[in-house]
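Asks: Chain by chain, the residues run as shown.
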Amino acid sequence: MLNIKNLTKKYGEKVAVDDLTLQVGSGQIWAFIGHNGAGKTTTLKAVAGIIEYEKGEILVDDINIKLNPIEAKNIMAYLPDNPDLYEHLKGIDYLNFIADVYKINKDKRQENIEKYAKRLAIYNDLKAPISSYSHGMKQKLALVSALLHNPKLLLLDEPFVGLDPKSSHEFKEIMNEFVKGGAAIFYSTHVLEVAEKICTHVAIIKKGKLVASGEMAKIRGMKSLEKLFLELENE
Amino acid sequence: MNNVLSLTKIYIKQFIARLASFITKKKIQNIMLIIFIFVIFASIIASVTFQFVWGFAMPLKAMQAEKFIITYGLIISVFLSLMIVIYEIPEHFYKNKDYQTLASLPLRNWEVVTAKIITAYISIFLYNLIIVLPSFIAYFIYNPISVLAITMAAVSLLFLPMFILLVGCILGFFIHLITSRLKNKTLFSTIFMFLFIIIIMGVSFLSSAQGLPNIFVNGETPLAIKITLPFIYFLNTAITDGNVFFFIYFILINFAYLILAIWVISVTYTKINSHLLTTKVKISKKPISFEKQSPFSAMLKKESKSFFGSSIWTVNVLVGPLMIVVLAVVFGIIIKVELNNLATPTEKHFLMNMMSIMYLGIISMLVGMCTTTTSSISMESKKIQILKQLPISFNTMAFSKILFSFLLIYIPLIIANVIFLILNYISIFYAIALFVIQAIIVFACSVMGLVINLKFPKLIWKKETEVVKQGASLAISLLLNIFIGALPLVLFFSFTTWFMSGNNYLWFLLILLVWSTVYLVTALMLLKYKGKKLFEKVC
Numbered sequence: 001m002l003n004i005k006n007l008t009k010k011y012g013e014k015v016a017v018d019d020l021t022l023q024v025g026s027g028q029i030w031a032f033i034g035h036n037g038a039g040k041t042t043t044l045k046a047v048a049g050i051i052e053y054e055k056g057e058i059l060v061d062d063i064n065i066k067l068n069p070i071e072a073k074n075i076m077a078y079l080p081d082n083p084d085l086y087e088h089l090k091g092i093d094y095l096n097f098i099a100d101v102y103k104i105n106k107d108k109r110q111e112n113i114e115k116y117a118k119r120l121a122i123y124n125d126l127k128a129p130i131s132s133y134s135h136g137m138k139q140k141l142a143l144v145s146a147l148l149h150n151p152k153l154l155l156l157d158e159p160f161v162g163l164d165p166k167s168s169h170e171f172k173e174i175m176n177e178f179v180k181g182g183a184a185i186f187y188s189t190h191v192l193e194v195a196e197k198i199c200t201h202v203a204i205i206k207k208g209k210l211v212a213s214g215e216m217a218k219i220r221g222m223k224s225l226e227k228l229f230l231e232l233e234n235e
Numbered sequence: 001m002n003n004v005l006s007l008t009k010i011y012i013k014q015f016i017a018r019l020a021s022f023i024t025k026k027k028i029q030n031i032m033l034i035i036f037i038f039v040i041f042a043s044i045i046a047s048v049t050f051q052f053v054w055g056f057a058m059p060l061k062a063m064q065a066e067k068f069i070i071t072y073g074l075i076i077s078v079f080l081s082l083m084i085v086i087y088e089i090p091e092h093f094y095k096n097k098d099y100q101t102l103a104s105l106p107l108r109n110w111e112v113v114t115a116k117i118i119t120a121y122i123s124i125f126l127y128n129l130i131i132v133l134p135s136f137i138a139y140f141i142y143n144p145i146s147v148l149a150i151t152m153a154a155v156s157l158l159f160l161p162m163f164i165l166l167v168g169c170i171l172g173f174f175i176h177l178i179t180s181r182l183k184n185k186t187l188f189s190t191i192f193m194f195l196f197i198i199i200i201m202g203v204s205f206l207s208s209a210q211g212l213p214n215i216f217v218n219g220e221t222p223l224a225i226k227i228t229l230p231f232i233y234f235l236n237t238a239i240t241d242g243n244v245f246f247f248i249y250f251i252l253i254n255f256a257y258l259i260l261a262i263w264v265i266s267v268t269y270t271k272i273n274s275h276l277l278t279t280k281v282k283i284s285k286k287p288i289s290f291e292k293q294s295p296f297s298a299m300l301k302k303e304s305k306s307f308f309g310s311s312i313w314t315v316n317v318l319v320g321p322l323m324i325v326v327l328a329v330v331f332g333i334i335i336k337v338e339l340n341n342l343a344t345p346t347e348k349h350f351l352m353n354m355m356s357i358m359y360l361g362i363i364s365m366l367v368g369m370c371t372t373t374t375s376s377i378s379m380e381s382k383k384i385q386i387l388k389q390l391p392i393s394f395n396t397m398a399f400s401k402i403l404f405s406f407l408l409i410y411i412p413l414i415i416a417n418v419i420f421l422i423l424n425y426i427s428i429f430y431a432i433a434l435f436v437i438q439a440i441i442v443f444a445c446s447v448m449g450l451v452i453n454l455k456f457p458k459l460i461w462k463k464e465t466e467v468v469k470q471g472a473s474l475a476i477s478l479l480l481n482i483f484i485g486a487l488p489l490v491l492f493f494s495f496t497t498w499f500m501s502g503n504n505y506l507w508f509l510l511i512l513l514v515w516s517t518v519y520l521v522t523a524l525m526l527l528k529y530k531g532k533k534l535f536e537k538v539c
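Chains as they are written, first to last, in my numbering: chain A, 1 to 235; chain B, 1 to 539.
Among these hints, one or two may not hold up.
What the hints assert, rightly or not - Computed beta-carbon distance windows for the label pairs:
{"no.": "1", "chain 1": "A", "residue 1": "62", "chain 2": "B", "residue 2": "109", "range": "20 to 26 angstroms"}
{"no.": "2", "chain 1": "A", "residue 1": "54", "chain 2": "B", "residue 2": "110", "range": "22 to 28 angstroms"}
{"no.": "3", "chain 1": "A", "residue 1": "82", "chain 2": "B", "residue 2": "143", "range": "55 to 61 angstroms"}
Don't read these hints as lab results, they were simulated from the structure. Every residue, glycine too, gets a C-beta built ideally from N, C-alpha and C.
With the hints as extra help, turn the sequences into a complete structure.
Replies: Structure, rendered in structure tokens:
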């Protein structure tokens, strides 16, 4: 579903992502972990088509993000680490805007908005202006907007930040349902316990370089993910 | 096309929301009320602009050159509109916070660009309408009215924003093209903004200086205007002569501007925004400093870093001190030149006193326009929470902001005053009064600016211009400071003869000293008794 080949991205003198290669298949949930500034967000933004990169190739369902950005973006969704929503709009207006962009028909959008907004406990607030939302509510709204068009690939940058325990649990369920339906999820996180439980695969990035990647069970072996991560960090 | 409409709808809502939040702190849901308040505000601005246009329409009429009222009115409106949109347009297309959201969606480049162009056009159209209408009114007062002329004038309102849009797009493109590749983006965009403002002021001055004699002597539009602003020449000729062909040229050239603007933005939108998002990291070779500072010094340093870290804020405020220094030089030179032309000591004494009072009065009015405190609370945005939870007193926080604002204005003022006094030394009393009165006024304006911003904070904003250029706090503070600065001048001009006789001008200096002290005491009392409570409410 997602094929990253030799991705390199520099910020001036600093190499943010260094020759990163990774394949994410359908039905897989990948945890993308690394210290702050390791290059997680940069990688996700490059995959989402937000920033340009110097070297490499990114294919989403065999569609090149650089050559066919619209086709690629149509089948994926990206959730930024700190969603910047249009504050003057009401929650429902924002969701309708996103649904319009993805050309979702009325029945489907109603079904999906009701389903996900109710599950994430934001449905009753959809008529309120976004400016009145708390950080967690904005995160929930951004999550609902990412799920609206049933994307094949979900790119999530720290999706659990700001979510209450119930919504956090509910979103984990939604993630599982998505991958059972054949989608793929590639998400960055610092919550290793959650990643260990729900992810099928893991990728560990250190100073822009991928230091470990593959099936969760094989990568961590008998160790906990936290222990493995700390060992790799200290090397 | 649906995406363009959806996005345009969002931007228009954003525009209305910003307009409403500028007018009142409360959220206005009633669109009719917003329109009503906008019309009232627009009428006030238009009437002030009309007074200004009337000021040059009368001499043009006296010289039988009244048909050029439109040319002059439009040249002024172009420069005024450019000054307004100089921050708006570049920020609308580049470095906008919604770039990430839109870039991750399956939206085509042209769809986003078209929606942004439409919104920018509407915004410029509204600004332009307020500024241009008085010129047409003044023109039709002095020139024959015909259905064709009025129709052409009315239709032209739709096309006039296109030149401003093009210049805004090109300016934004150049600034961000160059700065997106640099490490010190903020510093360079500040310098570019400054350069552009100086160019606008220079071209404005040159076109009026070069254009007037040509119009008066030869009775025709100067070649410089025909080349640089052909649409104005075409429109003026079309309306004056009833020439439909020239009106078609006017429309065509404006369409060309629009197409060029769309092309510039379409080609550069993604590339430049992507570059802007990836800040180049400069790894400092200096060792890390662990020096201890007092909370007040730390707050002052933070204030300075925040100010100079925002190119919009820096340019907007520093234009004032720059103008003050320029004004000191201009005033000084004018007095020196004029004194040489006068024969009697009485005349020289009169001019010297008059100009020195004018200098003090005008500078006092100008300083009220450049305080940083009027937007320093709003600029904190969500960071105000950090400020509130720190173990520092309200006074430490408030006086760090006030002192920074004071230093930023008073240091250039010292330079300006020294230049002025070197060029024309009047008396030791005047010199002392100049420094003392100005220090009191600058301090008072800074304190009052903070009080007003605490009363009218705007912590949620998308673009810095919403706070730095359009905030309600800024507007209130500006009007108040102009009023405070203008009132003594009104008194002076009401009793000029008395103030100018003998050494009576010293009485005026005393009145000014008392007036500014009263203003300072009032501001300090408000800060003491209301400031802390207002700060506690801000969230």
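Asks: Look at each hint and say if it fits the structure.
Replies: A quick look at each hint next to the structure:
no.: 1; hint: A:62 to B:109: 20 to 26 angstroms; verdict: holds, 23 angstroms
no.: 2; hint: A:54 to B:110: 22 to 28 angstroms; verdict: holds, 26 angstroms
no.: 3; hint: A:82 to B:143: 55 to 61 angstroms; verdict: holds, 58 angstroms
When the structure is compared with the earlier hints, no violation turns up for any of them.
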